[in-house]
Amino acid sequence: MPLLEPEPEALRPGTAREPAPDRVTDRSATGTPEPLRAELTALLGADKVLWKISDLVRYASDASPYRFLPRVVLVPEDIDDISAILSYAHGKGREVVFRAAGTSLNGQAQGEDILVDVRRHWTGIEVLDDGARARIRPGTTVLRANTTLARYGRLLGPDPASAIACTVGGVVANNASGMTAGTTRNSYRTLASLTFVLPSGTVVDTADPAADEELVRAEPKLCAGLLALKAEIEADEELTARIRAKYAIKNTNGYRLDAFLDGATPVQILRGLMVGSEGTFGFISETVFDTLPLDRRVTSALLFFPSLTAAAAAVPRFNEAGAIAVEVMDGNTLRASVSVKGVPADWAALPRETAALLVEFRAPDEAGQEAFEEAAAEVMRGLDLVVPAASVTNAFTRDAGTIAGYWKARKAFVTAVGGSRPSGTTLITEDFAVPPDRLADACEALLELQSRHGFDAAVAGHAAHGNLHFLLAFDAALPADVERYDAFMQEFCALVVDRFDGSLKAEHATGRNIAPFLEREWGERATELMWRTKQVIDPEGVLAPRIVLDRDPRAHLRGLKTIPKVEAVADPCIECGFCEPTCPSEDLTTTPRQRIVLRREMMRQADGSPVEAGLLDAYGYDAVDTCAGDSTCKLACPVGIDTGAMMKGFRHRRHTPREERIAALTAKNFRVVEASARLAVAAGDAIGKRGGDRLLASVTRLARRAVRPDLVPEWLPQLPGSAARELPRTTRVGASAVYYPACVNRIFAGPEAGPGGTPALSLAEAVVAVSERAGKPVWIPGDVAGTCCATIWHSKGYDAGNRVMADRIVEAAWGWTAGGTLPLVVDASSCTLGIAEEVVPYLSEDTRELHRELTVVDSLVWAAGELLPELTVFERAGSAVLHPTCSMEHLGDVEQLRVLAEACAEEVTVPDGAGCCAFAGDRGMLHKELTDAATAKEAAELNSRDYDAYLSANRMCEIGMERATGHPYRSALIELERATRPPGR
Numbered sequence: 001m002p003l004l005e006p007e008p009e010a011l012r013p014g015t016a017r018e019p020a021p022d023r024v025t026d027r028s029a030t031g032t033p034e035p036l037r038a039e040l041t042a043l044l045g046a047d048k049v050l051w052k053i054s055d056l057v058r059y060a061s062d063a064s065p066y067r068f069l070p071r072v073v074l075v076p077e078d079i080d081d082i083s084a085i086l087s088y089a090h091g092k093g094r095e096v097v098f099r100a101a102g103t104s105l106n107g108q109a110q111g112e113d114i115l116v117d118v119r120r121h122w123t124g125i126e127v128l129d130d131g132a133r134a135r136i137r138p139g140t141t142v143l144r145a146n147t148t149l150a151r152y153g154r155l156l157g158p159d160p161a162s163a164i165a166c167t168v169g170g171v172v173a174n175n176a177s178g179m180t181a182g183t184t185r186n187s188y189r190t191l192a193s194l195t196f197v198l199p200s201g202t203v204v205d206t207a208d209p210a211a212d213e214e215l216v217r218a219e220p221k222l223c224a225g226l227l228a229l230k231a232e233i234e235a236d237e238e239l240t241a242r243i244r245a246k247y248a249i250k251n252t253n254g255y256r257l258d259a260f261l262d263g264a265t266p267v268q269i270l271r272g273l274m275v276g277s278e279g280t281f282g283f284i285s286e287t288v289f290d291t292l293p294l295d296r297r298v299t300s301a302l303l304f305f306p307s308l309t310a311a312a313a314a315v316p317r318f319n320e321a322g323a324i325a326v327e328v329m330d331g332n333t334l335r336a337s338v339s340v341k342g343v344p345a346d347w348a349a350l351p352r353e354t355a356a357l358l359v360e361f362r363a364p365d366e367a368g369q370e371a372f373e374e375a376a377a378e379v380m381r382g383l384d385l386v387v388p389a390a391s392v393t394n395a396f397t398r399d400a401g402t403i404a405g406y407w408k409a410r411k412a413f414v415t416a417v418g419g420s421r422p423s424g425t426t427l428i429t430e431d432f433a434v435p436p437d438r439l440a441d442a443c444e445a446l447l448e449l450q451s452r453h454g455f456d457a458a459v460a461g462h463a464a465h466g467n468l469h470f471l472l473a474f475d476a477a478l479p480a481d482v483e484r485y486d487a488f489m490q491e492f493c494a495l496v497v498d499r500f501d502g503s504l505k506a507e508h509a510t511g512r513n514i515a516p517f518l519e520r521e522w523g524e525r526a527t528e529l530m531w532r533t534k535q536v537i538d539p540e541g542v543l544a545p546r547i548v549l550d551r552d553p554r555a556h557l558r559g560l561k562t563i564p565k566v567e568a569v570a571d572p573c574i575e576c577g578f579c580e581p582t583c584p585s586e587d588l589t590t591t592p593r594q595r596i597v598l599r600r601e602m603m604r605q606a607d608g609s610p611v612e613a614g615l616l617d618a619y620g621y622d623a624v625d626t627c628a629g630d631s632t633c634k635l636a637c638p639v640g641i642d643t644g645a646m647m648k649g650f651r652h653r654r655h656t657p658r659e660e661r662i663a664a665l666t667a668k669n670f671r672v673v674e675a676s677a678r679l680a681v682a683a684g685d686a687i688g689k690r691g692g693d694r695l696l697a698s699v700t701r702l703a704r705r706a707v708r709p710d711l712v713p714e715w716l717p718q719l720p721g722s723a724a725r726e727l728p729r730t731t732r733v734g735a736s737a738v739y740y741p742a743c744v745n746r747i748f749a750g751p752e753a754g755p756g757g758t759p760a761l762s763l764a765e766a767v768v769a770v771s772e773r774a775g776k777p778v779w780i781p782g783d784v785a786g787t788c789c790a791t792i793w794h795s796k797g798y799d800a801g802n803r804v805m806a807d808r809i810v811e812a813a814w815g816w817t818a819g820g821t822l823p824l825v826v827d828a829s830s831c832t833l834g835i836a837e838e839v840v841p842y843l844s845e846d847t848r849e850l851h852r853e854l855t856v857v858d859s860l861v862w863a864a865g866e867l868l869p870e871l872t873v874f875e876r877a878g879s880a881v882l883h884p885t886c887s888m889e890h891l892g893d894v895e896q897l898r899v900l901a902e903a904c905a906e907e908v909t910v911p912d913g914a915g916c917c918a919f920a921g922d923r924g925m926l927h928k929e930l931t932d933a934a935t936a937k938e939a940a941e942l943n944s945r946d947y948d949a950y951l952s953a954n955r956m957c958e959i960g961m962e963r964a965t966g967h968p969y970r971s972a973l974i975e976l977e978r979a980t981r982p983p984g985r
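Mapped onto full-length UniProt numbering, the consecutive letters of the sequence shown carry residue numbers 1 to 985.
Keep in mind the hints are simulated off the structure, nothing from the lab.
Keep in mind that a hint or two might mislead.
DSS-like, lysine-lysine: derived pairs with alpha carbons at most 25 angstroms apart [what the hints assert, rightly or not]: (1) K341 to K408; (2) K92 to K52; (3) K246 to K230; (4) K928 to K52; (5) K689 to K928; (6) K92 to K221.
None of these values were measured; they are calculated from a predicted model.
Turn these sequences into a full structure, and let the hints steer you where they fit.
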C-alpha cells in the first residue's frame, strides 16, 4: 500500500442512522456470486464483467422510483457478445435486462439478475441520403444525433425532454415521443428499419430483402406464431377497431398490437412490435430513421392563464392554428422552475392557481412564419390572459435566447419539481393521455384527485396531444405513505380508463408501475394476446420479466426505493441521469448520478456493515479520485447539483491535518514553488529530449506506487518545456487592461511552432502583441510571480491553502487594477473561472468587498470583443478544429472561441463529441486513464481528417488534447496574433 494512501474510513458517513428496509443485504457484500462471475468472465473476458458490490449498487437505480440490485453487470462490445449472453442465459435459466441511459421513469432499466449495459460501446451515427435518413446505434443520445443531423437541416421525429441523456435505443424501446412527436412523428411512424437480436440469438435486419426468408428458416415456430396471432386479430372486427382507436391518441401501454395490422410478414410485424417493447422482445442493435425537416424559423410565446383548466381550454385553438407544440405548466411547476438558471425570479411568487402554455410555431421560410404569426394573433384576441408577475409578457417572440429560456423551464419539469420535493421522499412520475378535446376536464379531475389524496399538484405536459405528466412525492419507508400512493393509483387508473377512455401511459411506456393495470385499460382479450405474443417471441421468459406484463396486482409497490438524506449539495438529486453524458469518467468509473446513488446506499446501511465497507473501499478511486472536478454535471443538471463540489469536499475530508498545513505552506511560498516547478519542467524536458521520457515515466510511476497516485504526477512525453523566466516588458501608462498570465503559462512553454513550422510566440507574447496591435495595450504587473487563481488548492480540496491564495490573488488584483478601474484579463479559462467565481466562498469578508469591485475578463472575451474589431486579418488558415473547455462552458465563452477561430480560419469545426478533456490541471498526470477515457470519442471524431490548426484556450487542456489526438493544440490568442501579423513581420 502507498505510504500516504488515504483511509477509506475518512469517507464513512458520520451520522447516526438506522438500517433502511430496502438496504442491500450483507449476503451481497462480496458482489457477484460464483460460479456466475467465473462463467461470465470466461465467456466475455474480465473487462466486460462488473462484479464488485459498488458496481452492482451503482447500476441498481435509474430515473424511476424503483431499485433492484442486479447479480452482475455486463458491458458487451458487439452483437457476438450479445448473442453469447443470451445463449448463456438460455442455457442457465437466467434473466436478462438491457440498460442504456437509465433515464426511464418506470424501472425498465433495472434487473434482478443479469443487467447488460448497452450504452458504452454502442454509440455512433451515419448520415445517409444527405440527411434524409440516419443510421444510429442504440447508445447514441438523441441530442448527439440531432446535433449531427442539424448540419443537414434535419432532425429526428421523437424529441423527449431528456434528449440530453436518453439514448436512441431507449427511445425506440419505449416509443418515447416528446414535445412535438404526437402520434405521427414518433419512432413507430418514422423508423425506416431496425436490426435486432431476438432472445434466441437470431439477428434480424428488417431492411434486408431476404430477411423474412432467413427468419422462417431460423425461427419457423416464431414466424408461424406471429402469423397466427395476426389472423386471429384481423378476424375480430371489434378488437381491430378497438386497437385502431387506442392508437388514435398517444399510447405506450402494453405491446403495439397494431403491428399485427400494419405488418404483412413476420419481419414487418416484429419491426412494429419491437417499438415500445421495453427490451422484452430483443435487443435493438441498430436503427435507421427517416428524418424530418428542421424548420429554423421559430416563433414562440409563454402565455399565462388564471387556471389550468382555462389554459387547457385554449389548446384546441392553437392546434387549429398550426402550432407544432403546445405545452402546459401548472403553478407548482412554474414556481419550482425558478431553481433553473435563467428562469425569472418573480415566478417564485406566482399564484398557486396560475398556469401557462408554451406555444411554438415552426416554418421553413419567412412567408410561412408570418402566416403562422397572423394565425397566432387571431387566437390571442380571444384569450383571457393574466399578468401575475412583472416578467410576464404574454407575447410571441422570435428571439432565440428568450425561446430557449422558455423551453429550459419546461424541460426541467421532472427535475426542477422533483428537486424541490421534501428531503427523503421518493418521486413518482406519471404520464397519461386523453382525447385532446377532453384535456380541460382531465386537468380538473386530476387536480381534485391529487388534492383528495394529499399530494401537491404538479402538472405539465404535451397539451396539444392530450398528454399530461404529473409528479407524486411520498416516503417509501413509511407503509402508510405507500398505501396512500396505492390508493391514488387505483383511483387514477379508474379515472383515466373509465371516465376518459385514455391511455395510462402515453409516452413513458408501461414499466413496473403500470404493468398491474394493463388489463384495466386494454381488457382481458387484448391483454391475453399480449401475453401470447411474449410467449411466441420469448418462450423461456429470458428478457425483462415483470416490466411490461405482471399478474401481481401489487407489483407497482415492489422495489420502491427510499431516498436517505445525503450531503446537502446532492440531496435534491432525483437520479434522472441528465448529468451522465457530460461526465469525463462516464466510461471509466462512475458518473455523478452513480456517485450519489452509492452515497445513498451507504446511508441505508448500518454503520460498519460489510456492504458499507465494500462501498467505501471502492469509492475513493471510483468516485473521488477519478472525478475531474470540472462541474459540467452542474451545467447539465436542471437544478444545478454540483457533484464535483461534493467530490472536492470528500478530498478535503481525506486530508490529514499535516497535509492541510503543507498545502497552506505551499500557497504561502508559491513564488518559490513556481520557480522550482519551472526548473523541474526544464530538467524533465532536457532529459526527455535526450531519450529519457521512458526513464522519467518509470521513475514517477515508482514514486506514485510508493507515495500515493493522487499526489505524485506521472511524467508524460507530451509535456512541453518550461516557460521563459521573464514575461514580456509592458508599461502601466496608457494600458487598457491589466493582463494576468496564469501560473500554468508562467511554468509551461507554449507550442514550439505554428502552422508550417513558423516560430510561435509564447501566449504572453501573443497577448501583448495583439493587444498593442489593436490599440488596446495591456500591462503585466511585475509581481505576478507567486500568485495563482487558487484552483490548484480548490480542485484538490485543500481548504486552508485555498483561503490563503484566494485572498492573495484578489488583494493583488485589486491593487493592480487600481481598485477595479481597469479590467483584469486572464489568459486561461479555468483561471478566469477561479478568480471570477470559485474563490468567492473562501475569501475573508474584507477581501470579498474588494472582489466585488473587480472586473475579471477571460482573454477570449477580451480578444473577441475589444481587439478583433480593431484588427486586420492578413492570413487565414484553411481549417481549424476547436476544443471548448469546461471552464468556457461555465463562463459562457464558447461563442467567443468560435468568433476568434472564424476570423483566423476559413473552416471552423467543433466536434460533436467535444467535452471535458479531464486533464483538469494536473489530474491528467495523476490519472491519465481518466483523460484517455474522456477524450476517446472526441479524438476519434476529429482524427478522421486533418486540420490546419488545433485551437483551445487553456494550456493544460491543450496538453491533454495533444496527448489524446497526437496534434499540437495552441491558444486561439496565439493563432489570432499570427493571423493579424502584418506581412514581413
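**Prompt:** Looking back at the hints listed earlier, which ones does the structure fail to meet?
**Reply:** none
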